[in-house]
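Participant: Start from the sequences, fold in the hints, and give me the full structure.
Next come the chains, spelled out residue by residue.
Number of protein chains: 2
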Amino acid sequence: MTNIPQRTVERFFRYCQFLHTRIEAGSEFVFSHELAASVGVSPEQVRRDLMNFSLKGTPQKGYSAGEFLRELYAHLESSSRTNVVLVGTGNLGKAILSYFNKRRPNLSIVAAFDQDPEKSDRVVAGCHVYHISQLEKIARDQKALVGIITVPAQSAQEVAALLIKSGIKGILNFAPINLRLPPEIFLEHIDITLSIEKAVYFARQSKTSKELQK
Amino acid sequence: MTNIPQRTVERFFRYCQFLHTRIEAGSEFVFSHELAASVGVSPEQVRRDLMNFSLKGTPQKGYSAGEFLRELYAHLESSSRTNVVLVGTGNLGKAILSYFNKRRPNLSIVAAFDQDPEKSDRVVAGCHVYHISQLEKIARDQKALVGIITVPAQSAQEVAALLIKSGIKGILNFAPINLRLPPEIFLEHIDITLSIEKAVYFARQSKTSKELQK
Chain A
16 MTNIPQRTVE RFFRYCQFLH TRIEAGSEFV FSHELAASVG VSPEQVRRDL
66 MNFSLKGTPQ KGYSAGEFLR ELYAHLESSS RTNVVLVGTG NLGKAILSYF
116 NKRRPNLSIV AAFDQDPEKS DRVVAGCHVY HISQLEKIAR DQKALVGIIT
166 VPAQSAQEVA ALLIKSGIKG ILNFAPINLR LPPEIFLEHI DITLSIEKAV
216 YFARQSKTSK ELQK
Chain B
16 MTNIPQRTVE RFFRYCQFLH TRIEAGSEFV FSHELAASVG VSPEQVRRDL
66 MNFSLKGTPQ KGYSAGEFLR ELYAHLESSS RTNVVLVGTG NLGKAILSYF
116 NKRRPNLSIV AAFDQDPEKS DRVVAGCHVY HISQLEKIAR DQKALVGIIT
166 VPAQSAQEVA ALLIKSGIKG ILNFAPINLR LPPEIFLEHI DITLSIEKAV
216 YFARQSKTSK ELQK
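Top line first, the protein sequences correspond to chains A and B. Under the numbering used here, the residue at position 214 of the first sequence is numbered 229, and the numbers go up by one with no gaps. Under the numbering used here, the residue at position 27 of the second sequence is numbered 42, and the numbers go up by one with no gaps.
Hints listed in this document are in silico derivations from the structure and should not be mistaken for laboratory results. Incorrect hints may have been included.
As the list claims (entries may be wrong) - To give a feel for the contact side, a few chain B residues facing chain A, derived at Cβ under 8 Å:
(1) E86
(2) K109
(3) L177
(4) L196
(5) F201
(6) I207
(7) V215
(8) A218
Glycine included, C-beta positions come from ideal geometry on N, C-alpha and C.
Facilitator: Quick look at the structure:
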């Protein structure tokens with residue numbers, strides 16, 4: 016299975032998350048309808064997805080959570096370790112370092128960078144913070160594949176260019192700005208402020224329509 | 016303009032962000048092609064959007080950034096102040112409190128909550144943290160409209176139910192779990208771990224296809 020579409024990849028990772036939660040909670044087996052409910056897709060979709068795997072379930076117990084997880088990771092090719100770097104160690108950058116590291120055994124944020132010399136040469140959540148002037152050398156040495164951008168909007172484009180120059184192939188951007196990148200670089204954008212504003216806008220609409228119904 | 020579609024609302028908020036950046040940088044005017052490039056949409060789309068507003072631009076100077084911003088906010092109805100609450104004051108919750116507050120004059124996170132008594136009764140980034148047992152009373156008193164969930168996956172559904180019981184109409188969920196909510200509640204989901212995993216997956220694909228081309 017090559018070139019899995021983006022939505023399928025997302026669904027597969029959501030299955031992984033749910034299976035991790037199940038295993039941590041001490042359950043060895045899972046039913047397809049539980050997967051469907053937890054991931055928010057139809058049971059038919061789960062059954063179609065399961066056809067890609069050589070899993071054998073039983074009507075009594077369902078599927079082995081551990082076996083399914085191994086098969087998913089084999090498909091998602093994440094058995095080899097991937098190195099990630101993060102640029103910008105303000106509050107958001109620090110939170111991501113503390114939140115993310117050790118959540119996935121095969122992914123790790125190996126280095127963080129900041130342009131402020133006072134924020135460099137320290138350790139945050141187990142990750143060394145370097146001055147940004149060392150980014151290219153360290154990212155190349157570590158063969159970093161993905162860069163996380165948590166700098167202010169006005170520096171984000173410049174940081175993205177530096178990451179690409181350092182061999183990065185995917186960027187997760189938290190800065191509230193639309194980055195312009197070459198087409199071969201994968202870009203994922205998380206704009207927290209925009210999401211809060213959207214939630215407020217639609218929450219207001221919902222409130223107004225409720226009041227009109229009264 | 017009522018019932019603006021979700022994509023349009025998102026685009027309008029992106030225009031607002033860009034206009035804020037321009038004004039902060041000391042520019043009074045903006046051209047439609049600059050808006051298009053910064054927001055990542057076509058110039059035709061920007062021109063169609065502009066037809067909703069009674070703005071007058073000139074070919075020499077473009078549009079007044081301040082006037083456009085006022086018109087956008089009037090459309091987005093965000094002239095009145097909206098109160099937001101946040102549940103879960105771990106690293107991510109703390110980062111959102113520090114990052115978001117004071118970014119938007121009409122939106123504020125008025126209270127934060129935690130189930131850990133040791134994390135309650137303190138102030139984080141100017142926001143008071145209360146024990147979760149006080150959520151319903153405070154959210155109602157403050158007429159909070161939106162709730163941000165930054166608790167671990169296993170508590171998120173329960174917290175969502177409590178927020179809805181407290182009169183919340185929109186939820187921004189950061190927990191890596193698919194929440195089941197009544198249809199009238201607006202849900203926005205940001206899954207940071209999933210986004211990192213997706214970026215890694217597609218960065219690997221891009222790297223492999225490059226290597227195959229060699």
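Participant: Sort out which numbered hints this structure fails and list those numbers smallest first.
Facilitator: 1, 3 and 4
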